[in-house]
Structure formats: C-alpha cells, structure tokens
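Asker: Each chain is listed here by its residues.
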Amino acid sequence: MTATQAVQKPELTRKDFVSDAEVRWCPGCGDFSILAQVQKCMPKIGVPRENIVFISGIGCSSRFPYYMDTYGFHSIHGRAMTLASGLKASRPELSVWVITGDGDGLSIGGNHFLHTLRRNMDINIIMFNNRIYGLTKGQYSPTSEQGKRTKSSPMGSISYPINPVRAAIASEATWVGRSVDIDTKHLSSMIMAMASHSGASFLEVYQDCKIFNAGAFSHLTDKTVRDDRLLYLEPDQPMLFGKEKQYAIDIKTHRPMILDMERSRMDSKDLMKYDASDPTLAYMISNLDYPKFPVPVGVFVDIERASYSDLLEGITNEAKEKAEGPDDLRTLLAGNNTWSIE
Amino acid sequence: MSSRVDVQNSAEEKLQTADRISQDLDRVTIRFAGDSGDGMQLTGMRFTESAAQIGNDLATFPDYPAEIRAPAGTLPGVSGFQIQFSTNEVYTPGDEPDVLVAMNPAALKSNLGDLPHGGTIMVNEDAFTANYLRLAGYDENPLDDGSLNEWRLIRVPITRLTLAAVEEVGLKKSLAERCKNFFTLGLVFFLYQRDTDQTKKWIDNKFGFNLDVARANKLALQAGYNIADTLEVFQTLYRIPKAELSPGLYRGINGNLAVSLGLVAAARKAGLDLFYGSYPITPASEILHELSGMLSDGIKTFQAEDEIAAIGATIGAAFGGALAVTGTSGPGIALKSEAMGLATMVELPLVIINVQRGGPSTGLPTKTEQADLLQVLYGRNGESPIPVLAATTPADCFNMTYEASRLALKYMTPVVLLTDGYLANGTEPWRIPNEDELPEINIKFAKSEDYQDRRFAPYERDENLSRPWAIPGTPGLEHRVGGLEKDLLMGRVSYDPDNHQQMVETRAAKIAGMAKDFPPLEVNGPDNADLLILGWGGTTGAITSAGEQLRAKGYSVANCTLRYLNPLPNDLCEVLERYKQVLIPELNLGQLKLLIRAHCLIDPIGLNKVTGKPIKIQEVVDKAITVVERPESVDEQETDKGAQP
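Each protein sequence line maps, in turn, to chains A and B.
Counting from 176, one number per residue, gives the positions in the first sequence under my numbering.
Counting from 2, one number per residue, gives the positions in the second sequence under my numbering.
Treat the hints with care, as some may be off.
[Stated by the list, open to error] In silico DMTMM-like pairs for lysine to aspartate or glutamate, Cα to Cα no more than 25 Å straight-line:
id, chain 1, residue 1, chain 2, residue 2
1, A, K467, A, E409
2, A, K398, A, D435
3, A, K448, A, D485
4, A, K312, B, E486
5, B, K207, A, D425
6, A, K215, A, E268
7, A, K495, B, E486
8, B, K448, B, E438
9, A, K190, B, D463
10, A, K497, B, D463
11, A, K312, B, E339
If you are wondering where the hints come from, they were derived from the structure by calculation, not from laboratory data.
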C-alpha cells in the first residue's frame, strides 16, 4: 500500500465533518459538546479529511464515528484500540482517533488501554468519562465513586474506582490530558494538542450523563465554582487557582500542599512550576482530588519518545538492509535450503 | 575402547560379526525418542533433510510434550520424532516404526507398544541405570530380562562413546553429553548409508558462534558413523533409492511454514501488504515466528496483548487495505469469536488460521485433533456464516492458505483455514512453485473517480454479492462501518425489520454462492462402489493410503477428501449417493458426519479417534473392511457408543 496522495481541496470547515446521520444522544448529553469541538478542530489539524479515521467500541460515546464525516469504524465492546493499532501499524500515514468511555475503555477494554499506551501507538484516544454505564441503563462503572447507588449496586458500590489519568500515566503514556465537556475552549485546546503529539495521546473528558448520572461533575465544573475547584495545569507555569489566582499548589517534602499567596507572601516566581515531561510529578499531581484539593485539568504528561510507527519503520529498514538476494516471490518461497530434482 | 556393542536377536544367538548385507527397501519408518532435552526433534529434522536431499519422498511427525523440560527420565518428558521415507510416494509418516531409537528407559517404555514384533530397537544402554529404570517404572532392566526378545535389540553405550569421541575438545561433561544426539544420528546415517557432509555443514552454520560445540558435534556425528562401521553394530545395511518426484526445486516444509509462505505469496500476487496479528499459542506460534523473520515493507507482524487484540488489529488492518491475517488454535478462536462476527458484519476480508489441537479448554496443547470444525462453523452469535477450508497435508497448507486468501479478498469475508498440530509440525518435500503457477488475485479498491456523479454506497454488491472495499485515504469515499445492522445500500444504522431479514439472507447467500468457485470433488477409485471413505484435513494421508491398500486387496472402495467445508461443494451429495456406504474417519466424535447427515440426508458411519494422535492407515483399513464385510456389526457399535446426533 502506497500512501494515497491527498487531493488538496479548498479549506474545510466544521460542516465538512458533519455526517448525514441523525445524532441520537439524549438531549443535554455532554457528548454533543465533545462532538462539536472535535468537528471544529478537525479542519485545523493539518490532515486531509480522507486520512482521518475515527474508531470506537460500544457505549453511548462509541456512536461518535457515525456522526463524523470521515472514515469510521464502530467496532465491538472494548476493542476500539486494537482496531486502531492494527490500522495505524499498517497505514502509518493515517490520523487515527479512538473514542471510548469509562466502561468501554477501562473495564472490558482495560487490557488494550494498558498495552496501546505502553507501545506508544501513534493514535489519539478520547475517553468520555461519565462515571456510569449509560447505554445499558445505569450500572456503576470502573470510575464510579465508592458507595454509589445504581441498579446493580442498590446498597452502594463496594468497588474502589480507578482514575483514568493515573492509569494512563502508569501505563507509560507519553501524552495525558484531562478536560471538561462544558469548557469548550479548554477542550478544543486539548484536542489540538493531542493531535500534534507524536505517539499515543490520552484525553479524559469529564462528561455529563443527563439521564443516569446527572451532575456527576457539577460540583467541580459549574461556572460558579470552577475557578476554585479546578486546577488548570499550564506548561512551565506555577499551579495557580482561585478566581484571583490567589492559591497555589506547591510540593514540599514529597507532599502537595495549598499555599495562600497573600498569607504566605510568596512570589509566584518562587513557586514550583508544572513540568509535563516528568511523569513522577504528573502522577503526584494527578492524585489531587476534591474536596481536599482542586482537581487538575490540562496536560499532565507530554513526553517525546519514539512512537510504534517510528520504531516499526526503523526495524523494517534494518531488515531491508540485511536482506540478501533478490526480493522476488520465488526467492522468498525458496528460503536458503533447497535441492533440485531433475 | 572398552565399551561393548551388543546386538541381540530373539530367535538366534547373539549375532556374530558377519559380512554385512546391503538390501534395498521401498520404505522405512524410524522413530527417534528421548527426553525432551535430548535433542530428538533436531536429530529427526537432520535425518529428514538428508533423506530429502537424496530424493526420497517422506513425511514426518514430531510428538513432544507440552512441558519444555519435563523432569528428565520420566514418561511425560518423552519427546519423539517419526519419519517415513520411501522410494515411492508417501502420504503419512507411517503407522508404526520399523526402527525405534530409544535414548532412555522412559522413551523405550512409552514407544514400545507402537513397535511391531520383529522391529528393531536401538537403545542407549548407558541410560538404563537404576535411577532411570525406576523413573520409567521398570522393576527389572528390560535389556536384560528377556522381555524384548520379540524384537531385534541393538545396545549401544551411546553416552560413553560420545564422551570419548568429544573428549579432545575439552567441553565440560554436561555439554559433551549433549552431543549424543549427533552420535546417534551418525549411527543411523551409517545404517541407511547416508552422507554426513550436509549435516556437518549445517552444524557449522548453526553452532558457528561456538566453535567448540560445533567441533564436538561434528566429532560425535562422525564417531557414530565410524563406530557403526567398525564395531559392526548393524548386520544389514539398507538403501532406499530415491523416489520419482516431479522435477523442480524443492525444500522441506512443515504446515506452519507452508501457511506462512502461502500468505506471503497471496499478498504478493494481490499486490497488498501482509499484516499478521497474533498472540503466541501452541501449535500456531511458529507462523508468527516465520513471518516476523520475513519483515519487510510488505510483511508486518503484530504480537498483540491477547487473542482478541490480535484479531482486532487484523480487522483494523483489513479496513486499511491489507491482506489481514490472524492465526491461533482452538482456545484462541473461542476468544476471537465476537470479532469474527464483527468481520462478518462489516464484510471485510480476513484470513483466520486455526491450527487445531486437542480440546476442550487447554486440552492437549501439543497433540493433534480435528474437533474445532463445528466451533468455527457455528461458534458465534446470530446468523454469522463464515467460509471454512481445510488443508490436507503439510505442503497443502500452502495451497489452501493461498486459496483462503483469494476467497477472502474476492468475496469480502473472513475465511477460516483449519490445519492441525499434525500438519503444522509434520514435514514433507515441497516443490517451490513459480509465480505464474499461482492463480491470479485481482484487487479492485473503490476509487474516487468511480463516484464523481453518485454517492458511495458501502453495501452495493457485485455479481458475487461482494461489497466494495473503499480504504481510508480515498477522497470522497469517507464512510462508516460497524457491528450494528446496516441498511442494505448506504450502510446507515438500520433497525428496520425487513432490512435485517434481507441483510441476513444476503450474507448467507454470498457465502453459499462461493461453492460455484470450488473445483469438482476428486475421488480416488471407482465411481460406484461398496464404500466411499470420506475425510477432511489431516486424516487425508491415512485415508488415501488406506484406499490404495484396500483396492489392492480387491475391495470395492473409493476415497475422497473435503478441502471446502463451508460451503460444502455443490457436487458432494451427488457423489456420496453413488456409494452404498460412506465411512468418515475423523479425529473427533463425528463432526463432519453430523454435517453430512444434515446436508445430504444420508447416514455415514464414523471412525472417531480422539487420542491426540493421528489416525493410522491400518485403523482405516480395518474399519473399512468391517463396514464392507459385516455392516451389521458396525450398526451395533454405533448404537453402543450412543453416537453423536
């Protein structure tokens, strides 16, 4: 397969990425916002539309590819990352996106999540985390808080939840981010950033399920509280939050703490700056949780490391150099131990 | 040399040194058996190569335990390698060995039952120590208690002779002792008057990184050969003249290698990249190894995190336009089943290799069986038709893999190819085909310019009911596929009742229609007869030989093998009706029999073996004679067993 020459067309807009399929999410679902941001970003990522592929598993979020006018594949539960890996390994020139959810990506697809990230497969994974199973009508998910009462946990869930960002960092991901469905500006900046990352990128999006887990993130993301309860990580900047940026996160003796800038009389120049190239720091910061701390959003990890596609190309070239004899089929079939019968 | 070499014979006194006789034989079957660490597979392979090089036809069968190194000297640790080589065409590695080479008491004990009386046993008598005898469960030393009187016993102190032969290299004892397989090979080379040069070259290649080891192995090989000569280990030497094989360039090939090369050939002829996604599993891993060793721009392998990821990646690669293939064994098929259904639903070409092994569950990983036929036919949710092909010999794995690829690409469907542990590990000479001998595979990707004036319809169908293959990177043909039911033309998600009915029927009709592409059935023997022996897959060799033997004895018997199991060939029922009875030998409890009953409304008789071992020619012959001569007794047996429906 040779790379298909992209036909350069007039500049595309969001509309060019809207398919003719009727969107069938519930009114008010956070998925609408994510879809809109992705459709807005796609014309700007510098890839011809025909080279963009969206692949999903099963769940509400996984209907996503039907609504994008790109190549798309709605696969089976938990397996989107496997299809994306095979496609990317065989067609490295494509821009491959995976849309998954907390159940699809971390429960049934948990194994693929781990391995896709550690391989640094050059694909972009957006996980819609609504902390519930929506499409099966409301069971607790791997990210549901302990004690959550659902149809399958009437006494309250006894399972400890997993934090997707922490799981991604532990899986050696080279780009890890978090955003919020209703913070459209931040969300699109995250989508653009992950698109330009070489290697696996993983974005968790807090997404509101209006029917089965309404308001799961309202205590963090409502405009009235957002400034105090979300920590917007900025590369190489101090970790400031609060309406007037009057608080900071600092790490002393290996433990994060909140500083009141006025009372501590700290100058922001003296504060610790966030460094996304340090996964240990990222892991520590990813542990911050409400109510003791604000919840961090933004880019946790951004590391340069050769992607699977780069490495595969490398060993392929090496194999080609080592290959002996002509590259015709008969030589391949004959191997190096033959005999003739007259 | 203080060691002695004894040759005993039941009927005679110990053989005196006598002039050796050289005798021509048609065919010989040797089984090498020892501890799984004794290097018997390697010994067998080297002997095979020498037989192939001089132009014998041959077939081999390795039989080894699932454990890499089971406790030394125990029965479960015995590893065996059988080869039949002949001056005529051979179809199987032989029912029973003429010669058993046993490197220790356990190897003797576990293989003696297969050796016909009068056969030759060659043992390493140094391994018949009190400890090894006890481990093998012998109270008395069988070399001394007369229990082997019905066989011709050759005792050679192989360990001591090997150590003496390689002493000058100065290896430590444990390493030096490991050369005893080459010493043994030297003995056998002399017996069959084979040249040692090729093997010495091979040793240089293989052990070139360690000159001492290479030298020691060569010394051991030559010592075995010389000692067989000077000590007159054998009274008669044998010559098996070369067979009349069709002219051409040959290589030795086992089923797994043949599958790998079949894939490479199909991808080349189709002008596609080959993508092989797999997860290690016995006995299929070798395909992954072979293809990984052939990495190039056009050949990529992906060792996935599990069986599901392996087929998932493969489906992704198929969407991208590769010849996409996954290989596994029965337990892996169980895990891949949901994804096989997805491939059926999205109608993408996929080749799925199932190297069958003994089941259910983990079963007998290193042993052979044919019990996954119904699994691959029916083991999915919903109406999910998948074509199923089966290879009949190790070399035929090449042809059938190529054919599976051709059909998958032509009909835009997953195709299952069944092989098994017996075919995968068995070897035979293979004439390397020229590129122009292979059938054409024409790929027509959907192109932008074909759709200037109309919308691309993902489920539009051609005369074969195949849908178009429009791959990412093609401007204007952006479309979505998925596991949800789709409307029958534009491919939008559809829950419409009539649409689903039509799509289910169309998918079924597409697969059923593939039978028009299959060659007519080949029957060996008379067109009408008392009995047709019908088989599929790896039992073909035994069935073909049995058919020949029965006809030579004057029985009215024909034989036939199915390589297409779904859809079944169009002429199948018509052929079966020409015979009074149909006998189906298979390594399961009657799976093809069940299909034939349902498909042709006839009542075949089964010969069903599930011991983990291949079926023997004699077993087929015996059953066929019973069926022909005493059909009433067969009816009773079938009833007694409570045969499968």
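Asker: For every hint, state whether the structure bears it out.
Answerer: Outcome of the hint check:
1. Taking the CA atoms of K467 of chain A and E409 of chain A, the gap is near 21 Å; set against the 25 Å cutoff, the hint holds.
2. With a CA separation close to 22 Å, the supplied pair K398 of chain A and D435 of chain A stays within the 25 Å bound.
3. Taken as a hint, the K448 of chain A and D485 of chain A pair is broken in the structure, with Cα atoms around 31 Å apart against an allowance of 25 Å.
4. In summary, the hint linking K312 of chain A to E486 of chain B is supported, as the alpha carbons are separated by about 21 Å, within the 25 Å threshold.
5. In summary, the hint linking K207 of chain B to D425 of chain A is not supported, as the alpha carbons are separated by about 61 Å, beyond the 25 Å threshold.
6. About 22 Å separates the Cα atoms of K215 of chain A and E268 of chain A, which keeps this hinted pair within 25 Å; it holds.
7. Taking the CA atoms of K495 of chain A and E486 of chain B, the gap is near 43 Å; set against the 25 Å cutoff, the hint is violated.
8. Taking the CA atoms of K448 of chain B and E438 of chain B, the gap is near 30 Å; set against the 25 Å cutoff, the hint is violated.
9. Under the criterion of a C-alpha separation no larger than 25 Å, the hint pairing K190 of chain A with D463 of chain B is inconsistent with the structure, at around 32 Å.
10. With a C-alpha separation of about 44 Å, the suggested pairing of K497 of chain A with D463 of chain B is violated against the 25 Å cut-off.
11. This hinted pair checks out: K312 of chain A and E339 of chain B have alpha carbons roughly 23 Å apart, not beyond 25 Å.
Violation of the numbered hints given earlier is confined to hints 3, 5, 7, 8, 9 and 10; the remaining hints are satisfied by the structure.
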